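Asks: For the sequence shown, the working numbering assigns the number 1 to the initial residue and increments by one for each residue that follows.
Hints listed in this document are in silico derivations from the structure and should not be mistaken for laboratory results.
Treat the hints with care, since some could be wrong.
[Said to hold, decoys possible] Pairs of lysine-lysine residues, derived as DSSO-like cross-links and limited to a Cα-Cα distance of at most 30 Å, are as follows: (1) 71 <-> 46; (2) 222 <-> 211; (3) 28 <-> 2; (4) 2 <-> 62; (5) 46 <-> 28; (6) 211 <-> 235; (7) 74 <-> 62; (8) 2 <-> 23; (9) 2 <-> 71; (10) 200 <-> 90; (11) 222 <-> 200; (12) 90 <-> 2; (13) 24 <-> 46; (14) 24 <-> 62.
[Unchecked claim] Distance windows between CB atoms, simulated: (15) 81 <-> 194: 43 to 49 Å; (16) 176 <-> 238: 16 to 22 Å; (17) 184 <-> 221: 30 to 36 Å.
All of these numbers come straight from a predicted model, not from anything done at the bench.
For every residue, glycine included, the Cβ atom is placed at its ideal position computed from N, Cα and C.
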Amino acid sequence: MKVGVVVLFPEYFRSPMRYAPLKKAIDKGALEVRFFSPIDYAPGPKDVEDYRYGGGEGMLLKVDYFVEAIKHAKRWIPDAPVVLLSPAGKRLTQDAVIELSQLPSLILAGGHYKGVDARVYGYVDLELSIGDFVVSSGELASLVVLDAVARLLPGVLTHRESAETDSLHSGLLEPPLYTRPREYEGEEVPEVLLSGHHGKIKEWMREYALKRTLLFRPDLLKEADLTDEDKEYLKRFLSRMNELLNSL
1 MKVGVVVLFP EYFRSPMRYA PLKKAIDKGA LEVRFFSPID YAPGPKDVED
51 YRYGGGEGML LKVDYFVEAI KHAKRWIPDA PVVLLSPAGK RLTQDAVIEL
101 SQLPSLILAG GHYKGVDARV YGYVDLELSI GDFVVSSGEL ASLVVLDAVA
151 RLLPGVLTHR ESAETDSLHS GLLEPPLYTR PREYEGEEVP EVLLSGHHGK
201 IKEWMREYAL KRTLLFRPDL LKEADLTDED KEYLKRFLSR MNELLNSL
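Take the sequences, apply the hints, and build the full model.
Replies: Next comes the structure, spelled out in C-alpha cells:
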C-alpha cells in the first residue's frame, strides 16, 4: 500500500515510524509512505499561513501551497483518494479503517493551526474525524489513521487473528483478558480460562464481550452482527439485571 501524507511537519512521524506497526509494515514492503509538506512549495515556512478574512484569532493554512502538496502526492499515486482529517468529517470507525486498509493507495491530509482554507475541500474526496475532541495538529490525527491502517496490512501482525479479536473489530468490546500470575492480591483468573475446554472458553468470551458492550458501549450493539443466541443471552442478562434492580 502506498500512502502519501500531506502535513506541515512530517517530523511528527519520525519516532513512530521507528517502531511497529509502521516500521514492520515498511520493512516487509507492505507499506510505502511519502510526505508532502506545503512548506516545501512555499518561499519560506511562514508563507504557508495567514490571517483569516473576516477577522478572528488564529492562523489558517493557505490554499495554494496546501493544494500544491496534494497535487504532488497525486502525481505519485494518481488514483489515491484524498482524505482530509477534519472535525467536520465522518467519524472514524474500525469498519472505516478496514476499508481504507484494503485500498492500494491513499493520501492523508492534515491541517494545522485553525485548519485549512475552505477551498482545499475541492481537492478532497473524504473528510474523516478521529473523534469529538481537539488535538493540536492534523499530523497527530493523520498518524492515528496511518497506524490503524498499517497494522491491518498483510504480514504486519504476527497473529492476524489478534487484530480480528480486538475491541470494535467485530463490532463488540473485547472480553476481560488475563495473563500470569494466576492470582494477584486475592483476585484470580476465571477458572473457565484455565480449563482447556475451548468450547466453554469461546462461549465465556463471547458472553462477556456482549455483556461489556451492553454495559459500557450499548450504542455499538445497533450495528453489531449478532446471532440469535447473542440476542437471547442479552435478553436473559437484562432480565437478571432488572430483577436485581427491583430487589434493591
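Asks: If a hint holds in the structure, say so; if it doesn't, say that too.
Replies: Do the hints match the structure? See the list:
This hinted pair checks out: residue 71 and residue 46 have alpha carbons roughly 21 Å apart, not beyond 30 Å. Only pairs whose Cα atoms come within 30 Å are accepted, and residue 222 paired with residue 211 is accepted, the gap being roughly 14 Å. Only pairs whose Cα atoms come within 30 Å are accepted, and residue 28 paired with residue 2 is accepted, the gap being roughly 13 Å. Restraint check for residue 2 and residue 62: satisfied, since their Cα atoms lie roughly 26 Å apart, inside the 30 Å limit.
Annotation: proposed proximity of residue 46 to residue 28 is violated, straight-line Cα distance about 38 Å (limit 30 Å). Annotation: proposed proximity of residue 211 to residue 235 holds, straight-line Cα distance about 11 Å (limit 30 Å). Restraint check for residue 74 and residue 62: satisfied, since their Cα atoms lie roughly 19 Å apart, inside the 30 Å limit. With a C-alpha separation of about 14 Å, the suggested pairing of residue 2 with residue 23 holds against the 30 Å cut-off.
Of the supplied pair hints, the one linking residue 2 and residue 71 holds, its CA atoms being roughly 15 Å apart against a limit of 30 Å. Distance hint between residue 200 and residue 90 is unfulfilled; the C-alpha atoms sit about 39 Å from each other, more than 30 Å. Taking the CA atoms of residue 222 and residue 200, the gap is about 26 Å. The hint holds against a cut of 30 Å. With a CA separation close to 23 Å, the supplied pair residue 90 and residue 2 stays within the 30 Å bound.
For the suggested pair residue 24 and residue 46, the alpha carbons sit about 35 Å apart, so the restraint of at most 30 Å is broken. The suggested pairing of residue 24 with residue 62 is violated, with an alpha-carbon distance near 35 Å, which exceeds 30 Å. Evaluation of the 43 to 49 Å hint for residue 81 and residue 194 yields a pass: the beta carbon distance comes to about 48 Å. About 20 Å separates the C-beta atoms of residue 176 and residue 238, a value consistent with the hinted range of 16 to 22 Å.
At about 31 Å, the CB distance of residue 184 to residue 221 agrees with the hint of 30 to 36 Å.
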